[in-house]
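Respectively, the protein sequence lines represent chains A and B. Take any residue in the first sequence, note its place counting from 1, add 31, and you have its number in my numbering. Take any residue in the second sequence, note its place counting from 1, add 31, and you have its number in my numbering.
Some clues are possibly wrong.
Since the list gives no way to pick out one identical chain from another, each pair is judged satisfied if it fits inside one copy or across any two copies.
What the hints assert, rightly or not - No more than 25 angstroms apart at the CA atoms, straight line, and that leaves these computed lysine-lysine pairs for PhoX-like:
1) Lys141 <-> Lys160
2) Lys160 <-> Lys78
3) Lys107 <-> Lys78
4) Lys160 <-> Lys77
5) Lys58 <-> Lys167
6) Lys58 <-> Lys160
7) Lys107 <-> Lys141
8) Lys141 <-> Lys163
9) Lys167 <-> Lys141
10) Lys163 <-> Lys107
11) Lys107 <-> Lys77
12) Lys163 <-> Lys78
13) Lys167 <-> Lys107
Hint data in this document are derived by calculation from the structure and do not stem from the laboratory. Keep in mind it's a predicted model, so treat the numbers as computed, not measured.
Number of protein chains: 2
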Amino acid sequence: MRKILIASDHAGFELKQEIIEHLSEYKILDLGTVDEESVDYPDYAKKLCELVDDRSSGILICGTGIGMSIAANRFKYIRAALCTSALMAKFSREHNNANVLVLGARIIGKLTALSCVDSFLNTSFHGSKHQKRIDKL
Amino acid sequence: MRKILIASDHAGFELKQEIIEHLSEYKILDLGTVDEESVDYPDYAKKLCELVDDRSSGILICGTGIGMSIAANRFKYIRAALCTSALMAKFSREHNNANVLVLGARIIGKLTALSCVDSFLNTSFHGSKHQKRIDKL
Numbered sequence: 032m033r034k035i036l037i038a039s040d041h042a043g044f045e046l047k048q049e050i051i052e053h054l055s056e057y058k059i060l061d062l063g064t065v066d067e068e069s070v071d072y073p074d075y076a077k078k079l080c081e082l083v084d085d086r087s088s089g090i091l092i093c094g095t096g097i098g099m100s101i102a103a104n105r106f107k108y109i110r111a112a113l114c115t116s117a118l119m120a121k122f123s124r125e126h127n128n129a130n131v132l133v134l135g136a137r138i139i140g141k142l143t144a145l146s147c148v149d150s151f152l153n154t155s156f157h158g159s160k161h162q163k164r165i166d167k168l
Numbered sequence: 032m033r034k035i036l037i038a039s040d041h042a043g044f045e046l047k048q049e050i051i052e053h054l055s056e057y058k059i060l061d062l063g064t065v066d067e068e069s070v071d072y073p074d075y076a077k078k079l080c081e082l083v084d085d086r087s088s089g090i091l092i093c094g095t096g097i098g099m100s101i102a103a104n105r106f107k108y109i110r111a112a113l114c115t116s117a118l119m120a121k122f123s124r125e126h127n128n129a130n131v132l133v134l135g136a137r138i139i140g141k142l143t144a145l146s147c148v149d150s151f152l153n154t155s156f157h158g159s160k161h162q163k164r165i166d167k168l
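In isolation and in its complexed conformation, chain A is listed as follows (with noise of 0.2 angstroms):
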């Protein structure tokens, strides 16, 4: 079974909690943040990006999403998709093969959260022209 790593900082900590509950199934490794305490992101990010290999997937959490985006994509391994519907997690796995999931916890409600969870895990990969595009990042 895929491994999930997840991680955010204090604005998307509830969201975190509620995910992880939702994941029950699968093996879930958290890297914090553990309360609602002001921390700052991209120390959230790095956490967890430095972690995620070929068997594991991201999940990342803060207001917007954007910070984390941001943070995220400075690896040069990770391809982080900022998304804020289901449709948008499964396009980023078809086409950009997407390894981290970003997730905004004061922009979207928690159903359509762990709608964009369960597209981004059950989706795969297209290939093709789009790994030709992949390889140019």
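Fit chain B to the known structure of chain A by using the hints.
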């Protein structure tokens, strides 16, 4: 007046032209693509990101915005924000001091896209605690 650089792949071409028309009072540099023939988004992200400086902002468009946001954030001095609402665009400026707005032409409608552009161009960075986080990116 702030210079605006804009680029898209084939999927974002039509929306790019609409944004250029909408921003007729700005100084715009259109970096292509020039029609709806299939191209690779990383080539256009690179073209634009290499030209963004302290006196300019960028707008990148592809089908979902995900590919462009991964490609653009590979550049150390770029903070590219994939936005699906004007609210996200506002926060991308206030909190992340984003210098590139990324839009998904197949995800949001024209009016939503134009409201993102207006919000992005008319909102200032809030500084303070957010700067500390940006310094870590």
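Homo-oligomer pair classification [lysine 77, lysine 160; C-alpha up to 25 angstroms]: between (30 angstroms within a copy, 19 angstroms between copies)
Using 25 angstroms as the alpha carbon limit, work out where lysine 160 and lysine 78 are close: within a copy, between copies, both or neither. between (32 angstroms within a copy, 21 angstroms between copies)
Same-copy or cross-copy closeness of lysine 107 to lysine 77 [CA-CA at most 25 angstroms]: Cα proximity of lysine 107 and lysine 77: in one copy and across copies (12 angstroms, 15 angstroms).
Within, between, both or neither, where lysine 58 and lysine 160 count as close if Cα-Cα is 25 angstroms or less: Cα proximity of lysine 58 and lysine 160: none, with 32 angstroms in one copy and 35 angstroms across.
Within, between, both or neither: how does the pair lysine 141, lysine 160 come out at a Cα-Cα threshold of 25 angstroms? neither (34 angstroms within a copy, 27 angstroms between copies)
One pair to classify: lysine 163 and lysine 78, alpha carbons no more than 25 angstroms apart. Within, between, both, or neither? Intra 29 angstroms, inter 18 angstroms, cutoff 25 angstroms: inter-copy only.
Using 25 angstroms as the alpha carbon limit, work out where lysine 58 and lysine 167 are close: within a copy, between copies, both or neither. Neither: 32 angstroms inside a copy, 30 angstroms across copies.
Intra/inter-copy verdict for lysine 141 and lysine 163 if alpha-carbon distance must be at most 25 angstroms: neither (35 angstroms within a copy, 29 angstroms between copies)
Should lysine 167 paired with lysine 107 be assigned to within, between, both, or neither, using CA atoms and 25 angstroms as the limit? both (11 angstroms within a copy, 17 angstroms between copies)
Intra- versus inter-subunit Cα pairing at 25 angstroms for lysine 163 with lysine 107: both (16 angstroms within a copy, 23 angstroms between copies)
Reference check for the pair lysine 107 and lysine 141, CA-CA at most 25 angstroms: within, between, both, or neither? For lysine 107 and lysine 141, the Cα distance exceeds 25 angstroms both inside one copy (30 angstroms) and across copies (32 angstroms).
How do lysine 167 and lysine 141 come out at 25 angstroms by Cα distance, when the copy is not named: within, between, both, or neither? neither (34 angstroms within a copy, 29 angstroms between copies)
Hint compliance for this structure: hints 1, 5, 6, 7, 8, 9 are broken, all remaining hints hold.
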